[in-house]
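So the protein lines, in turn, are chains A and B.
Using the numbering used here, the first residue of the first sequence is number 1, and each one after it goes up by one.
Using the numbering used here, the first residue of the second sequence is number 1, and each one after it goes up by one.
Since the hints were made in silico from the structure, they are not lab data.
Please read all numbers here as calculations on a predicted model, not as lab measurements.
Some hints here could point you the wrong way.
Stated by the list, open to error - Taking lysine to any residue and the SDA-like style, the derived pairs with C-alpha atoms no more than 20 Å apart in a straight line are:
| hint | chain 1 | residue 1 | chain 2 | residue 2 |
| --- | --- | --- | --- | --- |
| 1 | A | K373 | A | I396 |
| 2 | A | K119 | B | S184 |
| 3 | A | K199 | A | N210 |
| 4 | A | K95 | B | S112 |
| 5 | A | K199 | A | L174 |
| 6 | B | K148 | B | D198 |
| 7 | A | K119 | B | I147 |
| 8 | A | K95 | B | D198 |
| 9 | A | K586 | A | G622 |
| 10 | B | K87 | B | I66 |
| 11 | A | K119 | B | K82 |
| 12 | A | K275 | A | L331 |
| 13 | A | K356 | A | L415 |
| 14 | B | K82 | B | S112 |
| 15 | A | K674 | A | G622 |
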Amino acid sequence: MKLINKLKLKQKLLLLGILPAATLSIIVAIYLTSARLNEMYELLHKKNQSLALSIAESSINDVFSGNYFALQIRLNAAINEPDIVSIIITDANNKALANASNNQPSKGHVAKNIIQAIKIKRILQQDDVDGIFIGENVDKSDSVIGYVVLSISYHAIKVRQQRVLLNSFYITLLLLVLIALIAHYISQVIGKPILDLAKSIEKIKQGDFNVPASYKGERDEISILASGIHDMAAELQDSRETLEKKVSDATLALRQQNDKLYEAQQEISESADIKSRLVSHISHEIRTPLNGIIGFLNILQSTHLDKKQQHLVDASRVSSTNLQQIINEVLDFSQLDAGKIKIKPISFNLQESIEKVLHLLSAQAKENGVSLKYQHDVNAPRFIRQDPVKFGQILINLINNAIKFSPNSVVTVSLKINQPKDKYLEVCVADQGIGISKENIKLLFNEFIQLDSNTTEPGTGLGLAITKNILDALHGDINVSSILNEGSVFCFSIPFTPVDDKDILPTPTPNPEDDFPDLSTVNILVADDNEINRLLLSTLLENQNAHVTLVNDGQQALDKSSSKPFDLMLFDLRMPFLKGDQVLNKIRQQPQNPNYKTPAIAITAHVSSGVERAAHINAFDGYLIKPIEQTVFFKLVAQLLSEHNTVDKPFYVLNSEEDTSTPNHDVFVLELAKRSMNNDLELIALLLNKFFKALPEQISSTIAYINEGNYEAAREVAHKIHGSAAYCGTPRIKQAAKQLEVDLQEQEPTRISQAIQTLDDETKAFLGSKEAILKSIS
Amino acid sequence: MNNRLMHMVLFSLAIIISPSTLAANISLIYDADSRYQQLFIKALSKQIINKPTLTLTTITTDKLSIPDLNNSAPNAIISLDKTASRKLLALKQNIPVFHALTTLSKAKQYASCLPNCLTSLPQHRFFILDQPAKRQIKLIQLIDSNIKDIGVIVTEQSSFFIQPLKKAIQQSSLNLNIHLTQASRVRYQIDDIARSSDIILAIPDSRVYNSSSLSQVLLTSYRYGTPVIGFSKGFMKAGAISGVTSSLDQLSQHLAESLIHIEPLAAHPHSFIYPRYFSVLSNRAVAKSLNLNFPSDLELASEIRADETDQ
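Given these sequences and hints, build the entire structure.
This is the structure:
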């Protein structure tokens, strides 16, 4: 059945036409031939049986009387019959009385013997007394007096049989051919129109609707079907043309719309770029004077002032700080809006991070009479992997709002972990403030929206918009529920990755009690075209007893640096004549320059992108972003002054060819180590041994992090290597580690690859000199 | 010899005395399944119907009881059945017993003393169907006076015919071409006899002439143009040109006369008695085909009777 289904219609019709007729023909032919052959055999047997009977009857008298001669004559006459091989007449005891045989080879072998008994016919009794004479009960066996044995051959009949078979075969073959022709004709008559229909349907499927309207003259079912398909194809063609026209029109309209949209998008993009550049530029322009204002206010605050003056300075400082926050928000939003926000996930202590924010805002809360409460989820992991800065920023924004809009009440911050389900953490900030109407909730996250016009608190109206943008970047979400005059609850959730405590690398805790360094023996060159900045920096440094040399532009900075050695150089990046990085590059290209090896700090208000920093700041040993935080500033100053190897080459050399002229191939400099560790050789040996032991593992983990793309973690390890190398007097490793740290920060894969290779090479060289180094100490 | 004579005397006395003093009581034993025996009884009854002194009691063979038979005290016994005859022959009866409707060769099967049993079975007489040899020879002579050689086939069972035949032709120019053979070889002798004889005289011997062989005997003999003298109506019908036969009526008449007239046993000097009455039957068509012309059957019978009377 499956085989038949695989056949095409024409073949099926052909098969259905031929198969029954052919089968019937063959069966009939076989039956007739078989019947004819059986008849032939039957006839042969009957004929010879009759012959045997005839011989038997005619021989009764001769057998009875023993006239063998007469028997022989009779047999000789009968033997000429075809098919007869031999005839034998025997008596009742099978003794041959006469025989005749035909030994012609054409007659073949004996196939069958026909035996006919020779019986004496009884005479019916005519009289009742006859029985007395001739006996009434004669033994039956007495009637058989002999036998005629006729041996026949099938040779002749087989020849005839072959002839019959051949004739039957020819007739059957002829019949089959006839049937095939009829079946072919039938399949043509029925199958061809259906196949034509199938072709027409196939053409329609392929989109060709020019289907011939065949069999128009006929009115059978197939013709009706063909006509129907033709009409349907025509309708389909009309429909398709109509549809194509509509689609074409719609496509044209859509293309025009797209063109307009593209143009609009281009305009928006350009506007956004302009806006971004504008905001960036303005932020720089505003921050620079603001930096000066805040700096001077700080300085002024530390001077002796009367109570009124003190109050005015405080008010000025608060206003400046608020202004700085507004500017920062605008700048943040500008960056978020331009899609420049970058998420930097690292491992951090979740509870500590929340509590820090609460601590940071505690003063503000106290001022507003707000009591801050925190409900921690005991199931929360200690450490999670997320961007702590962004997390803190969200928290600050929400808690800050809560404090602002619910004075003299309680603000509750609660943490809830939904770890088992989908590893989301949820933080809710609930206040008891004025509440938000449902209509306003919808507007809540739009930029520049400040719902409460009565509030006296300053703001840009960007806080919640920024929060929403950051949450979007973190793949998080925020929900607000509020009842007017009762309070609001802001709940945000963000995904996180739990981190095992043992995987957390111990981070050096900053010493809060760090004092600013004594710079009484330090000569510092400060170059800034902004007078306020120059004044601020000089004031800060001179307060720490530093000897500060001030210059107004890049050219003066280069000239001054060429004439006098300094311990530290601070260059603003944007200066007339020569920019800060250009000045430094020139110094670094002049080994004879007295400040060739002097560490340099870049001071900039540009924070727009890493690419920009890479282009301008990388030549420096460190950089500071305006407004300058005093703590950060002095920490960096102290670090560079203590770490920097003034004996060796500078930290960063622009031209590597020139760098080779500087002879510094030592993997270990004992003097540097002594300087770092107060000449304590025992301590040096102890730390060196630890460094030898830890370094290979640190290099391996750095490479692993880089391969994983986890540049932040790699940078942290590189930073540690850098610190250890600085203490242990290994300037080449320290330099290579610093270079890697910078490259990792910039996330430049090519440079990262080169840097890690350099660090690995330096490490191998250092480890190879282990014995010599330890021996030199001992 | 003395015993034989004594028996004859006693038997004769019994026959003679009984009818004059007492009515004759005849017991007839027959086979109830035999049609011709019933016909014979019927014919015999007709013959004695006007003779009240004769009482015919019929007994079927299967009900034959010798004690009952003795108790009935018949004056004579007629046996038509060979089984009954065998039983009666085994008894030493003092009454006369007549065995009828048999041939000499058949009777010899249960009475081996035949043809002469006067000594051993003095009360027994056999009314045979065989025609006397003289009667047969006379017929042949009447049919064709040119016939010389008479062919006869006998077996051991019918060999006793040879002597009467030889006696019958003593005073004629005829020759007997007698072939004594075994029963199994009979049919092979037919051809020889037919070739070597002018006529074949068939002797009632079922080993030679039976219902199966009869037609072949005739065909064989006629192949050589040799006519056959038969011995029964059926034989003549089959192709024998002529023959002397006695019908049941003739036979019953003969037996009845013997009973009615109380013929003394002495009237029958032989143990067997040839039929007294006879007819001649001829197959004219066959005779014609053999170019034989002879007088009518009645004439022939008359001639034969006349000849027998003369003698």
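Results for each hint:
no., hint, result
1, A:K373 to A:I396, "14 Å, holds"
2, A:K119 to B:S184, "16 Å, holds"
3, A:K199 to A:N210, "11 Å, holds"
4, A:K95 to B:S112, "36 Å, violated"
5, A:K199 to A:L174, "35 Å, violated"
6, B:K148 to B:D198, "6 Å, holds"
7, A:K119 to B:I147, "33 Å, violated"
8, A:K95 to B:D198, "32 Å, violated"
9, A:K586 to A:G622, "17 Å, holds"
10, B:K87 to B:I66, "9 Å, holds"
11, A:K119 to B:K82, "30 Å, violated"
12, A:K275 to A:L331, "11 Å, holds"
13, A:K356 to A:L415, "14 Å, holds"
14, B:K82 to B:S112, "13 Å, holds"
15, A:K674 to A:G622, "24 Å, violated"
The structure fails to meet hints 4, 5, 7, 8, 11, 15 from the earlier list, while all remaining hints are met.
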